[in-house]
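J.: Using the hints provided, position chain S relative to the given structure of chain L.
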Amino acid sequence: MKISLSPTLQAAANGEESISIVAATIGQLLSKLEAQYPNMSQHLEAGIAVAIDGQIYRDDWGKEIPTDAEIYLLPRIQGG
Amino acid sequence: MGNDTSYTDQKFEQVGRRVRRPDGVDKVTGRAKYGADAYAPGQLVGLILRSPHAHARIKKIDISKAEKLPGVKAVVTCEDLPDLTGGNRGMMDILENCMARGRALYDGHAVAAVAAVDKTIAKQALKLIKVTYEKLPHVTDVDEAMEADAPVVQDFVFTSGVEPKPTKPSNVSGISQFGHGDVDAGFAEADVIVEKSYKTEQTHQGYIEPHACLANMSSDGSGELWVTTQGHFVFRNVCSTLLGIDIAKLKVTASEIGGGFGGKTHVWMEPVALVLSRKANRPVKLVMTRDEVFKASGPTCSTSIDVKIGAKKDGTITAASASLRYQNGAFPANWGMIGAMTAYACYDLKNVKTVGYDVLVNRPKVAAYRAPSAPMAAFGVESTMDLMAGKLGMDPVEFRIKNAAKEGTRASYGPVYGPIGIGPTLEAVKKHPHMRAKLKKNQGRGMACGFWFNFGGQTCTDLNIGIDGTVSLTVGTIDVGGSRASLSLIAAEELGIDYEQVKASVADTASLGHNDMTEGSRGTFSSGMATIFAARNAVEVMKGRAAKMWDIPVEDVVWENGGAKATGKAHSNLPPLTLKEIAAKSPQTGGPIAGHNETVADNAGVSFASHICDVEVDPETGSTRVIRYTVIQDAGKAIHPDYVEGQFQGGAAQGIGWALNEEYIYGKDGTLQNPGFLDYRIPVCSDLPFIDTEILEIPNPNHPYGVRGVGETSIVPPLAAIGNAVSNAVGVRLNHIPMSPPRILKALDEQAGG
Numbered sequence: 003m004k005i006s007l008s009p010t011l012q013a014a015a016n017g018e019e020s021i022s023i024v025a026a027t028i029g030q031l032l033s034k035l036e037a038q039y040p041n042m043s044q045h046l047e048a049g050i051a052v053a054i055d056g057q058i059y060r061d062d063w064g065k066e067i068p069t070d071a072e073i074y075l076l077p078r079i080q081g082g
Numbered sequence: 004m005g006n007d008t009s010y011t012d013q014k015f016e017q018v019g020r021r022v023r024r025p026d027g028v029d030k031v032t033g034r035a036k037y038g039a040d041a042y043a044p045g046q047l048v049g050l051i052l053r054s055p056h057a058h059a060r061i062k063k064i065d066i067s068k069a070e071k072l073p074g075v076k077a078v079v080t081c082e083d084l085p086d087l088t089g090g091n092r093g094m095m096d097i098l099e100n101c102m103a104r105g106r107a108l109y110d111g112h113a114v115a116a117v118a119a120v121d122k123t124i125a126k127q128a129l130k131l132i133k134v135t136y137e138k139l140p141h142v143t144d145v146d147e148a149m150e151a152d153a154p155v156v157q158d159f160v161f162t163s164g165v166e167p168k169p170t171k172p173s174n175v176s177g178i179s180q181f182g183h184g185d186v187d188a189g190f191a192e193a194d195v196i197v198e199k200s201y202k203t204e205q206t207h208q209g210y211i212e213p214h215a216c217l218a219n220m221s222s223d224g225s226g227e228l229w230v231t232t233q234g235h236f237v238f239r240n241v242c243s244t245l246l247g248i249d250i251a252k253l254k255v256t257a258s259e260i261g262g263g264f265g266g267k268t269h270v271w272m273e274p275v276a277l278v279l280s281r282k283a284n285r286p287v288k289l290v291m292t293r294d295e296v297f298k299a300s301g302p303t304c305s306t307s308i309d310v311k312i313g314a315k316k317d318g319t320i321t322a323a324s325a326s327l328r329y330q331n332g333a334f335p336a337n338w339g340m341i342g343a344m345t346a347y348a349c350y351d352l353k354n355v356k357t358v359g360y361d362v363l364v365n366r367p368k369v370a371a372y373r374a375p376s377a378p379m380a381a382f383g384v385e386s387t388m389d390l391m392a393g394k395l396g397m398d399p400v401e402f403r404i405k406n407a408a409k410e411g412t413r414a415s416y417g418p419v420y421g422p423i424g425i426g427p428t429l430e431a432v433k434k435h436p437h438m439r440a441k442l443k444k445n446q447g448r449g450m451a452c453g454f455w456f457n458f459g460g461q462t463c464t465d466l467n468i469g470i471d472g473t474v475s476l477t478v479g480t481i482d483v484g485g486s487r488a489s490l491s492l493i494a495a496e497e498l499g500i501d502y503e504q505v506k507a508s509v510a511d512t513a514s515l516g517h518n519d520m521t522e523g524s525r526g527t528f529s530s531g532m533a534t535i536f537a538a539r540n541a542v543e544v545m546k547g548r549a550a551k552m553w554d555i556p557v558e559d560v561v562w563e564n565g566g567a568k569a570t571g572k573a574h575s576n577l578p579p580l581t582l583k584e585i586a587a588k589s590p591q592t593g594g595p596i597a598g599h600n601e602t603v604a605d606n607a608g609v610s611f612a613s614h615i616c617d618v619e620v621d622p623e624t625g626s627t628r629v630i631r632y633t634v635i636q637d638a639g640k641a642i643h644p645d646y647v648e649g650q651f652q653g654g655a656a657q658g659i660g661w662a663l664n665e666e667y668i669y670g671k672d673g674t675l676q677n678p679g680f681l682d683y684r685i686p687v688c689s690d691l692p693f694i695d696t697e698i699l700e701i702p703n704p705n706h707p708y709g710v711r712g713v714g715e716t717s718i719v720p721p722l723a724a725i726g727n728a729v730s731n732a733v734g735v736r737l738n739h740i741p742m743s744p745p746r747i748l749k750a751l752d753e754q755a756g757g
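These protein sequence lines map, in sequence, to chains L and S.
For the first sequence, the numbering used here assigns the number 3 to the initial residue and increments by one for each residue that follows.
For the second sequence, the numbering used here assigns the number 4 to the initial residue and increments by one for each residue that follows.
I should point out that these hints are in silico values taken from the structure, not numbers from a laboratory.
These numbers come from a predicted model, not from an experiment.
Warning: the hint list may mix true and false statements.
What the hints assert, rightly or not - One-sided excerpt, in silico: chain L residues whose CB lies under 7 angstroms from chain S: (1) Pro-9; (2) Gly-56; (3) Gln-57; (4) Gln-80; (5) Gly-81.
Quick reminder that beta carbons are idealized off the backbone N, C-alpha and C, glycines included.
This is chain L alone, in the form it adopts within the complex (with noise of 0.2 angstroms):
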């Protein structure tokens, strides 16, 4: 499935806007995009929020993506 990038996560995907990765989960993505780009950890380790359809999920490992959704990875921001 293609996995569009925050132009602040592109460097670390040799500059590509989007990325190709199979991932039934979260938690699988990101641990299959550090294995694919190991220098992901950098950001991995900041925090990154994966976005399903425009839904922003920051902690939650365990959501499952569905085949046809859109998948974009942003900061994992705080709030106040």
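T.: Just chain S now, kept in the frame of chain L:
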């Protein structure tokens, strides 16, 4: 139903009521215990010695005389806070902010601390600590800090987000770009382009209660901490990591909180209190003065922002860009990145590019402040939107409606939106009577939009039913705005009982699983979700107990109207059992009845608001009064409308103060000139009009009741709404926040050709 988070369009009996909050009487009678209200036998008074310099090398700290002063039980420096962070730079920054290590990085940075039997002796001890400083060049302005010859604040910081990786340290800790399309092509398409630069000054959250804690370390290595905080579980984890304490051996109890707004999401002096207590082997109470709160807790960023918008004559925006420079204080953070993410989130843009710069300066570490980073970005964008509407000869509301984001829009920060509420808030603005009210001379009306993400997070909740049928609801999210009332309403709704039968309280860290901070507008969203599931869990237990009482299969029992009902013809002669009747028999049917839930309440759904504001400007003094203010925001579902309105009003009030008065003023020597509420003026009641609210309820599809977070978005539009109103009142466009009387007078003088 189980733990399905999907929205169900259920009818409510309890939710939506304006009931009395359980903490109300204690708070208005003075019984409520805040951070400074705890006492322990033999407690000592802790005080912190702080740097008087903006940037200085600490050559020597001599604590020998202070240690010998009778009544002094402990003196600590960074030597007592060894690096146990295992190379975690973020944790190291927290440690270094709590106590300087070799360099003082800002005016007010802690360099040593004492614990003594009373305040007088503690103060004397501070005077006996001799610190030898070597002053270093400093920088406090965000733009100056980015210049090539600026003093470097942290030599381990190399700009991230650029290729090739820099070889020299820089005050720019990170550059983050967001957007899509081709902005150059978009601007080439535009009939009109508006470009403008803006500045916003640093402000503090201004919570009335200062930071305060009581630390009590035992000689067996365990400890307790009573503290005012937005997240005692996170404080426990951070303090444990920094001080080498097992998490299970540090019990943290949260006091009532006198405001936080993001400023109490970080530890500032709590690890120091614990170390003092460990060294003295006595409890130690540390309470910041207001001066310390301003100088050494976490205000929000000051910023410098450039905005460029291009549009067709028909009002379609063809391209938009922004460069957003945010100062983060003396430690790296990503506030500029968040500004870049939020800047254009309200709009449907084909071509958009934002670049955020995170910049270090010699000021205190920046903390979150209610929708952090978004208000400043919105000030730049929403002011420019009004300028563009003016150039196009369009109504500012219609111009925004034409370009508003909607379901299917690619957000400027990346993903495609699901169902969102910006359009309905703008339509509500258009229809609101406020927009048709007449204005007098020197009065003007402005409006602006705002966006915030909202978050969920780790949450854990217990629900215990007493033998009299009353319900103890135990949550782990700090109640900053009435959430105990809201969560009690939710528990009552699920159980089918009256609100008065439920009593909610916030547990200490030894009594409940981890809960994330009350931040990101998550309190009622996430603990509400956990409360629903915990209550449903308890209902299943009660159905089993009723089955036992009736001696029928549990499959034949349903829960209706606050009680168990036997179904099927075989049981038609059994009258329903109420919750109270089931609870009364619980000792004989299996013991205590409880429900529990732990969850990661993710997918909170983004939030939008539109504000309308009328101001009156006195052209002789430059003084501006807000004479009418209306907040329109989507709440998903207002569990307790009073507290939703309270959040709307509170955010607007803070935004009004930020827009008109509040400002950190630094001298040329890099020291803060106005660390007190006399010289740093937050709005008081007499400064504010009644802030009207309109709650829109567009259900969040990912919460059983449709709840969205409401706590933060309302601080986003006020800066721009007031700027637009001032412009419409007296014809001058202020591009520097706060729009204080001197700045307005200067702008009026310039307009008059003076």
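J.: Determine which of the earlier numbered hints do not hold for this structure and return their numbers in increasing order.
T.: Violated: none.
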